[in-house]
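Chemist: Residue-level listing of the chains:
2 protein chains.
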Amino acid sequence: MIKASIGIDIGGTNTEIGLVNSAGEVLATGRIPTNEFSETDAYVEALSAAIREVVARAGGVEVMGIGIGAPNGNYYNGTIEFAPNLNFKGIVPLVEKLKEQFDYPVVKLTNDANAAAIGEMIYGGAKGMDDFIMITLGTGLGSGIVANGEMIYGHDAFAGEIGHVVVEKNGRQCGCGRNGCLETYCSATGLVRTVYELMGTTLLPSALREQAKQGDITSKMVYDAAVKRDELAVEAFRFTAEMLGDALANAVAYTSPKAIFLFGGVANAGEMLTHQVKRYMEDSMLQIYKNKVEVLISALPGADAAILGASSLVWKELEKESVAV
Amino acid sequence: MIKASIGIDIGGTNTEIGLVNSAGEVLATGRIPTNEFSETDAYVEALSAAIREVVARAGGVEVMGIGIGAPNGNYYNGTIEFAPNLNFKGIVPLVEKLKEQFDYPVVKLTNDANAAAIGEMIYGGAKGMDDFIMITLGTGLGSGIVANGEMIYGHDAFAGEIGHVVVEKNGRQCGCGRNGCLETYCSATGLVRTVYELMGTTLLPSALREQAKQGDITSKMVYDAAVKRDELAVEAFRFTAEMLGDALANAVAYTSPKAIFLFGGVANAGEMLTHQVKRYMEDSMLQIYKNKVEVLISALPGADAAILGASSLVWKELEKESVAV
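Chains as they are written, first to last, in the working numbering: chain A, 114 to 438; chain B, 114 to 438.
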């Protein structure tokens, strides 16, 4: 029988379920609406039913475990803790509840960015790489740090919040209550904030000035404008790349990674972003690190990346156990 | 027979040698003058003779290995690479050369700050701690980061240069050729630079203004003045603590350590420093990390700390090997 693992990606709107083999091929998928449940037990019941349905539909697989990527996921406790974008309040002991439903060898949970990092290590561009950093550029800026071949969780499972490193004293207001966090500049939201700031601080001509009158500007609009060489959009990307490049030069001084992977929304800008980020990073970096660190776009396929990341937790745990034996 | 390890601390002036048992007790010591050798082979010969003499003098010990702490020490290659304060130029393959002289199970080398971190883990305040950061405050600011119970060396052995994280864009000139590195503010040298800056930017009365006319100001003078509540010296310490506290709040967002240890010259200011550093760190830290991270003075005894740190490399390697078996 083919060995497979179940990857679960919990988002504010939907929970995506995927059955994945060890090569990273998605064998079957399912979905339940996260936001229609306000009560944990009912959610777990629906999730369990959906998992059973997916496994039955694929047929003929030996399920090795469940890996979950969730906002504010705590790897050590198997809990989701005070996630602002989920209906479930307080601390949700999701791993414990799923273990009551399934007797698979592994049931593990971590936050989205860590899941992406492990996914990159198991299926993606970081195969065989012991030291790398994953940066997820979405609504926020998440990160997962791998050193010595292991995910760094820290003493409380909350390690790897590079998005909340303060990069500008008295800088932009952050949702975390502080000022100048990296994610206020370099997430998809940060890119849009930069556009609004540039609309005020510069006289650069831009199609975005018209679009801003008709509704919210999105990072996709900024990207499309930049592709057409819209001056303000180009400057917004340049500034984002400079802020991110400088921050990554500092990040390198912590764990000296072989590569830094960019993942998610803004990362889809691809070369336009990585090329500039790499240049600014090299300019700012300490001599001993220069020309050693790659800046790469995640190799996980976009649509299934979150499910793959989550499912990879299972293989990583099995790998650890076999080493420990 | 008592098992012991040899710790070697290579400084610009002297090379200190110590024979240490697994409890961290120094059984015998020796010394050779580093700066009297410009040629590697002659240095290794003198060092080997001194090691043999120390072992013979202690008598009745089974030597398990040699651990070396050296500026610009590369753990992976066992080399000292382009150390600016040593006479040996280029890359010195010290481990290889010592292995020709001794057939001990372990011969390992790393940089001073990493050796201090491992020393803290084996003999000091970080026993049983899987996640912590060591900050050494001397002429420069060095650091060693431990996560998942392992030293983070990074892909090239150069991880853990928190002293060269840029904390102030367009800040103070650093010897590394860049600007605003943490060590330009928070090392012993940085503290003295702060005093000179405050002599210019403020009218604070200070005994240090007189002392400055009679020769170099030292961090010891600043400390002594601060103890006597000299206004400028007190402000210099406060500013140093603020810069370090802010930087450590950022450092926590990488590896979420249980504790941060301060070690060396400036750290001897003890409570005066840690108390303020802790306060600024807490003020600047992301909510999820607040009131979890201790700021502690290294528990390694001052005079022997460097030797202990170096010797601890041997026990750490033996521990790794026994886990791997």
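Just so you know, these hints were derived from the structure itself, not from any lab.
Certain hints may be false.
The list treats identical chains as one, so a pair stands whether inside a single copy or across any two.
The list that follows gives simulated cross-link-like pairs (lysine-lysine, BS3-like), each with its CA atoms no further than 25 Å apart [stated by the list, open to error]:
1) K403 / K341
2) K326 / K282
3) K221 / K116
4) K433 / K371
5) K282 / K210
6) K405 / K282
7) K212 / K116
Chemist: Between the shortest in-copy and the shortest cross-copy C-alpha distance, which are at most 25 Å for K212 and K116: within, between, both, or neither?
Modeler: For K212 and K116, the Cα distance is within 25 Å only inside one copy (19 Å; across copies 47 Å).
Chemist: Is it within, between, both or neither when you check K221 against K116 at 25 Å Cα-Cα?
Modeler: within (17 Å within a copy, 42 Å between copies)
Chemist: Could you place K326 and K282 in one of the four classes (within, between, both, neither) given a Cα distance threshold of 25 Å?
Modeler: neither (31 Å within a copy, 35 Å between copies)
Chemist: Regarding K403 and K341, is the shortest C-alpha distance of 25 Å or less found within a copy, between copies, in both, or in neither?
Modeler: Close neither inside one copy (32 Å) nor across copies (45 Å); limit 25 Å.
Chemist: At most 25 Å between C-alpha atoms: does K433 with K371 qualify within a copy, between copies, both, or neither?
Modeler: This pair counts as both: shortest intra-copy Cα distance 22 Å, inter-copy 23 Å.
Chemist: Can you tell me if K282 and K210 fall within 25 Å by alpha carbon in one copy, between copies, both or neither?
Modeler: Answer is neither: 43 Å inside a copy and 48 Å across each miss the 25 Å cutoff.
Chemist: Give the relationship of K405 and K282 under a CA distance limit of 25 Å: within one copy only, between copies only, both, or neither.
Modeler: Classified as between: cross-chain Cα gap 23 Å, same-chain 29 Å, threshold 25 Å.
Comparing the model with each earlier hint shows violations of hints 1, 2 and 5; every other hint is respected.
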